[in-house]
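Engineer: Sequence:
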Amino acid sequence: MSLPYASPEGTARYAARFESKKSRGHFRLSQGLWFSSLGIGSYLGGVDDASDAAYEESLGEALLSGINVADSAINYRAQRSERAFGRALKKMIEEGVISREEVILSTKGGFLPYELDIPPDPELYFRKRFVDSLVPQGELVQGCHSLSPKFLEDQLKCSLENLGVECVDIYFLHNPELQLSEISSSVFRARLLGAFSWLEEKVREGRIRMYGTATWSGYRLRPDQPDYLALEDLLCLAREAGGSEHHFRAIQVPFSLAMPEAWIFPNQRFGAGLVPLLQLAKRKSLTVMASASLMQGRLAGPVPDFMGRFGAGLGKPAQRALQFARSVPGVTTALAGMKRREHVQENLQTAEIAPLTEDELILMFQKSG
2 MSLPYASPEG TARYAARFES KKSRGHFRLS QGLWFSSLGI GSYLGGVDDA
52 SDAAYEESLG EALLSGINVA DSAINYRAQR SERAFGRALK KMIEEGVISR
102 EEVILSTKGG FLPYELDIPP DPELYFRKRF VDSLVPQGEL VQGCHSLSPK
152 FLEDQLKCSL ENLGVECVDI YFLHNPELQL SEISSSVFRA RLLGAFSWLE
202 EKVREGRIRM YGTATWSGYR LRPDQPDYLA LEDLLCLARE AGGSEHHFRA
252 IQVPFSLAMP EAWIFPNQRF GAGLVPLLQL AKRKSLTVMA SASLMQGRLA
302 GPVPDFMGRF GAGLGKPAQR ALQFARSVPG VTTALAGMKR REHVQENLQT
352 AEIAPLTEDE LILMFQKSG
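Just so we're aligned, residue 2 is where the sequence shown starts under my numbering, counting upward by one.
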């Protein structure tokens, strides 16, 4: 009987099917699971049926071709991205093409989402759907974000229904640093502790397997900036919520040639000094998903000449950008939005070439200066 989540055996079986087709290093072991070094995201696209169909087709192609990591969020495209992924996965499982145990699903909660369409009065919709019943007074930030366990409970339930699964492998709190724009750090810590305690409860209930934070700015800033997040502080809160065997085991952070801070900027406290985020995450044995690896498609267009050094044998700028993102030590999976079958195949050509070594990456950066 198949398990309702990604398993060590299932992901190992999936990786073995592509052993002769992909380069060594395309699959990485993290948290006991085999992650493909490239993952499919679902942020971009219109709130329309055509984009839904495109995502369904591209996820199917990805799963058939060597990508077993799919990332979404309940607010992406008014919940349509989750639902498109859910339909594609259901179809492939029913056809016997893949099993749930072979696929690593991640999604996010925190932003108030629309449902299928953008309402004519978003503020009124949010108030009636969420604020009046699910978000405690004073816990709505910027009119669109909450870490309230009651709200997150509703969101996880909706995400599981959208994805058509009993359990999601990684559940991320979505851009939690947004809270710091309106509340103090002490209130923020209390809200995070409440959210982490709720997440530990969801692990015990079998509704998620692990959790973490998906951020935009928090992990890339200087420690003296208002929205800065200290990973060590969050891990301490996770230990307070779940003990030494807590399930805060993954982070998602923007990382690309255009946004390399996680690799080169020492801003995370460790011991008596500061180290880059990826170095600390590796020391803490965390799974790291690199988001915006193509900067929402901007790195798929014309790029500086030095980028050619990142992809010997790779002819497209997008392939070279993905080769960089997946090669940097500490990155488990580089995510990219793929709405067309040909984009999946084009991006997967990167996986036919071995990842670059850190020495090669450093040398290339030095030559680009």
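Quick caveat, the hints were computed from the structure, so don't treat them as lab data. Warning: the hint list may mix true and false statements.
Stated by the list, open to error - Taking lysine-lysine pairs in the PhoX-like style, the calculated list, with each CA pair at most 20 Å apart, reads:
{"id": "1", "residue 1": "91", "residue 2": "151"}
{"id": "2", "residue 1": "91", "residue 2": "129"}
{"id": "3", "residue 1": "317", "residue 2": "283"}
{"id": "4", "residue 1": "158", "residue 2": "203"}
{"id": "5", "residue 1": "158", "residue 2": "91"}
Said to hold, decoys possible - Cβ-Cβ distance ranges computed for the label pairs, FRET-style:
{"id": "6", "residue 1": "18", "residue 2": "188", "range": "40 to 50 Å"}
{"id": "7", "residue 1": "120", "residue 2": "223", "range": "49 to 59 Å"}
{"id": "8", "residue 1": "128", "residue 2": "9", "range": "36 to 46 Å"}
{"id": "9", "residue 1": "265", "residue 2": "137", "range": "47 to 57 Å"}
Think of the CB as a built atom: it goes at the ideal place given N, C-alpha and C, for glycine as much as any other residue.
Engineer: Hey, residue 158 versus residue 91, does the alpha-carbon distance stay inside 20 Å?
Structural biologist: holds, 18 Å
Engineer: CB of residue 120 to CB of residue 223, is that within 49 to 59 Å?
Structural biologist: For residue 120 and residue 223 the Cβ distance comes to about 38 Å; the hint is violated.
Engineer: Given the hint that residue 158 pairs with residue 203, test it: the Cα-Cα distance must not exceed 20 Å.
Structural biologist: holds, 11 Å
Engineer: Does the alpha-carbon distance linking residue 91 and residue 129 stay inside the 20 Å limit?
Structural biologist: violated, 32 Å
Engineer: Determine whether the Cβ-Cβ distance between residue 128 and residue 9 falls within the hinted range of 36 to 46 Å.
Structural biologist: At roughly 45 Å between Cβ atoms, residue 9 and residue 128 fall inside 36 to 46 Å, so the hint holds.
Engineer: Does residue 91 pair with residue 151 here, judged by a C-alpha cut-off of 20 Å?
Structural biologist: Distance ~28 Å between residue 91 and residue 151 Cα, so the pair is violated.
Engineer: 47 to 57 Å was suggested as the range; check whether the CB atoms of residue 265 and residue 137 agree with it.
Structural biologist: Violated, at about 40 Å.
Engineer: Is 40 to 50 Å right for how far apart the beta carbons of residue 18 and residue 188 are?
Structural biologist: Since residue 18 and residue 188 have Cβ atoms about 49 Å apart, the given range 40 to 50 Å holds.
Engineer: Within a Cα-Cα threshold of 20 Å, do residue 317 and residue 283 meet the stated pairing?
Structural biologist: violated, 30 Å
Hint violations for this structure: numbers 1, 2, 3, 7, 9, all remaining hints satisfied.
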